[in-house]
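Protein sequence lines correspond, in order, to chains A and B. Per this note's numbering, the very first residue in the first sequence carries number 1; after that it's consecutive. Per this note's numbering, the very first residue in the second sequence carries number 405; after that it's consecutive.
Everything labelled a hint here was simulated from the structure, so no lab data went into it. Only a predicted model underlies this, so the values are computations on that prediction, with no experimental measurement involved. Think of the CB as a built atom: it goes at the ideal place given N, C-alpha and C, for glycine as much as any other residue. Certain hints may be false.
Derived CB-CB ranges, DEER-like [unchecked claim]:
1) Gly476/B x Ala378/A: 47 to 53 Å
2) Arg478/B x Lys235/A: 36 to 42 Å
3) Gly449/B x Arg127/A: 36 to 42 Å
4) Glu253/A x Gly435/B: 36 to 42 Å
5) Ile309/A x Ala488/B: 29 to 35 Å
6) Trp324/A x Ala475/B: 25 to 31 Å
7) Arg478/B x Ala381/A: 43 to 49 Å
Here is what each chain is made of, one letter per residue.
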Amino acid sequence: MTQPSPHVDRLWRSPDLKRSYDVVIVGAGGHGLATAYYLAKNHGIVNVAVLERGWLAGGNMARNTTVIRSNYLFDQSAAIYEHSLKLWEGLSGELDYDIKFSQRGVLNLVHNIGDARESRRRVNANRLNGIDAEWLTPDEVKAFCPIVNVSSDLRYPVMGGTLQRRGGIAKHDYVAWAFARKADQMGVDLIQNCEVTGFDVTDGKVTGVQTSRGRISAGKVALCAAGHSTELASKVGLDLPIQSHPLQALVSELLEPVLNCVVMSNAIHVYVSQADKGELVMGAGIDPYNSYAQRGSPHVIEYQVAAAIELFPIFRRVHVLRTWAGIVDVSPDASPIIGLTPVENLFINCGWGTGGFKATPAAGWVYAHTIATGRPHALNAPFNLERFSSGALIDEHGAAAVAH
Amino acid sequence: MSTVPPPWPTDVLIPCPWCGDREDLEFKYGGAGQVAYPKDPGTTGDASWARYVFYRPNTKGPFVERWVHTAGCRRWFTLTRDTATHEILP
Numbered sequence: 001m002t003q004p005s006p007h008v009d010r011l012w013r014s015p016d017l018k019r020s021y022d023v024v025i026v027g028a029g030g031h032g033l034a035t036a037y038y039l040a041k042n043h044g045i046v047n048v049a050v051l052e053r054g055w056l057a058g059g060n061m062a063r064n065t066t067v068i069r070s071n072y073l074f075d076q077s078a079a080i081y082e083h084s085l086k087l088w089e090g091l092s093g094e095l096d097y098d099i100k101f102s103q104r105g106v107l108n109l110v111h112n113i114g115d116a117r118e119s120r121r122r123v124n125a126n127r128l129n130g131i132d133a134e135w136l137t138p139d140e141v142k143a144f145c146p147i148v149n150v151s152s153d154l155r156y157p158v159m160g161g162t163l164q165r166r167g168g169i170a171k172h173d174y175v176a177w178a179f180a181r182k183a184d185q186m187g188v189d190l191i192q193n194c195e196v197t198g199f200d201v202t203d204g205k206v207t208g209v210q211t212s213r214g215r216i217s218a219g220k221v222a223l224c225a226a227g228h229s230t231e232l233a234s235k236v237g238l239d240l241p242i243q244s245h246p247l248q249a250l251v252s253e254l255l256e257p258v259l260n261c262v263v264m265s266n267a268i269h270v271y272v273s274q275a276d277k278g279e280l281v282m283g284a285g286i287d288p289y290n291s292y293a294q295r296g297s298p299h300v301i302e303y304q305v306a307a308a309i310e311l312f313p314i315f316r317r318v319h320v321l322r323t324w325a326g327i328v329d330v331s332p333d334a335s336p337i338i339g340l341t342p343v344e345n346l347f348i349n350c351g352w353g354t355g356g357f358k359a360t361p362a363a364g365w366v367y368a369h370t371i372a373t374g375r376p377h378a379l380n381a382p383f384n385l386e387r388f389s390s391g392a393l394i395d396e397h398g399a400a401a402v403a404h
Numbered sequence: 405m406s407t408v409p410p411p412w413p414t415d416v417l418i419p420c421p422w423c424g425d426r427e428d429l430e431f432k433y434g435g436a437g438q439v440a441y442p443k444d445p446g447t448t449g450d451a452s453w454a455r456y457v458f459y460r461p462n463t464k465g466p467f468v469e470r471w472v473h474t475a476g477c478r479r480w481f482t483l484t485r486d487t488a489t490h491e492i493l494p
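With the hints as constraints, model all of the structure from the sequences given.
This is the structure:
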């Protein structure tokens with residue numbers, strides 16, 4: 001496997017913007033790039049532009065905590081996230097780029113009886129869906145991850161946990177660059193610093209986009225803008241049941257290898273892993289208020305650090321290197337919206353909220369199918385926009401363990 | 405209006421009309437304000453109910469929203485805040 005130059009400007013061309021494309025994807029984050037890749041690879045559609053207001057993969061793709069798992073409760077979620085995990089398992093080879101996918105295991109800790117019951121139920125549901133899942137006792141938690149404090153002295157002692165051994169992390173930048181490089185090689189135009197400012201719609205059908213670099217006609221337009229989805233959709237008169245919130249994360253200074261897996265705790269609320277480079281990467285829940293400011297309140301950071309220190313006493317003297325926030329697109333049922341819109345030839349992929357990174361390959365796969373065929377893939381059919389009227393919600397709140 | 409300085413730097417102070425500026429930690433967020441209940445619930449269809457239950461404004465910029473001062477006076481109030489800057493607007 002070749003490891004290309006890390007100089008990202010050499011991994012893809014900087015083409016001139018054409019006046020017309022078969023498909024215009026709005027947003028060059030992980031999902032947008034994966035969608036372009038699978039449009040080209042699975043469907044042979046290469047006259048594609050991915051338009052990015054800022055720089056490639058500079059939004060939530062650069063801000064997430066890279067946790068990958070598929071242990072969701074409901075069948076619809078399990079199916080799409082497991083498809084994603086299977087794609088992750090072959091992605092380094094397929095993209096010919098070592099994306100540092102590491103199946104080190106994802107451990108979800110349990111601190112109360114209600115969560116213990118719910119977690120065992122989720123283990124059973126996962127197994128019925130062919131997803132690896134195990135229930136661990138506190139001693140087994142300790143054996144798997146020795147630095148977790150499982151003593152009864154904790155204010156909320158560890159009562160056990162669920163483990164998905166196939167879960168893990170990947171290097172987010174490499175994932176984006178790998179998809180971008182392959183899509184570019186197949187002829188996709190990646191256009192940075194190009195903001196979409198409006199849409200051309202004729203007789204209920206989208207025909208093009210207006211951008212900061214002029215008008216482009218488009219056979220199909222695919223929105224892929226996470227926290228800015230409602231802003232974009234409003235330009236074409238489309239309302240979405242999405243609220244944008246800051247989701248904060250932090251990294252510590254670089255440490256020797258000390259944490260061998262991903263640990264998530266719903267009840268005292270932190271998730272943490274150690275990146276290859278050595279920094280501890282932590283996150284927790286969203287800030288409660290709507291925001292586009294890419295920053296949040298300091299107490300959210302303070303609480304997740306307090307939770308981490310409670311669970312890992314050896315982190316007590318670790319320094320925080322930096323904190324940041326991304327703007328996440330939260331849907332009413334904590335499940336994504338991927339599919340058609342009332343505007344013909346306009347497609348939407350949003351609502352991934354706090355859990356979009358792990359879905360990157362599958363989101364690209366099913367979104368490309370939806371765009372290419374004009375019909376949803378079986379995996380994203382349940383995640384339609386109509387479910388908020390029909391009532392067929394996929395209510396992963398809580399079921400998804402931590403803010404996923 | 406009294407102002408209680410927070411114990412650490414913060415950029416989100418919420419002006420409770422009764423208690424003054426307090427850190428957002430003391431409040432619960434109520435989301436978008438000015439959301440009207442359907443005028444005639446008996447004849448409101450699924451699509452309109454969906455809009456009432458699930459759809460809210462998500463404005464980038466001045467945003468009318470509800471807060472409740474749970475750790476203070478426990479009263480609800482409406483506020484206009486710029487979601488792009490966190491600035492509280494008059």
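Hint check:
1. Between Gly476/B and Ala378/A the CB atoms are about 51 Å apart, so this pair conforms to the stated range of 47 to 53 Å.
2. A hinted range of 36 to 42 Å holds for the C-beta pair Arg478/B and Lys235/A, which are about 40 Å apart.
3. Between Gly449/B and Arg127/A the Cβ separation comes to about 41 Å, which falls inside the hinted range of 36 to 42 Å.
4. For the pair Glu253/A and Gly435/B, the supplied restraint of 36 to 42 Å holds, since their beta-carbon distance comes to about 37 Å.
5. For Ile309/A and Ala488/B, the hinted distance range of 29 to 35 Å is satisfied, since their beta carbons lie about 34 Å from each other.
6. Separated by about 27 Å at the C-beta atoms, Trp324/A and Ala475/B satisfy the suggested range of 25 to 31 Å.
7. At about 45 Å, the CB distance of Arg478/B to Ala381/A agrees with the hint of 43 to 49 Å.
The structure fails none of the hints (numbered hints given earlier).
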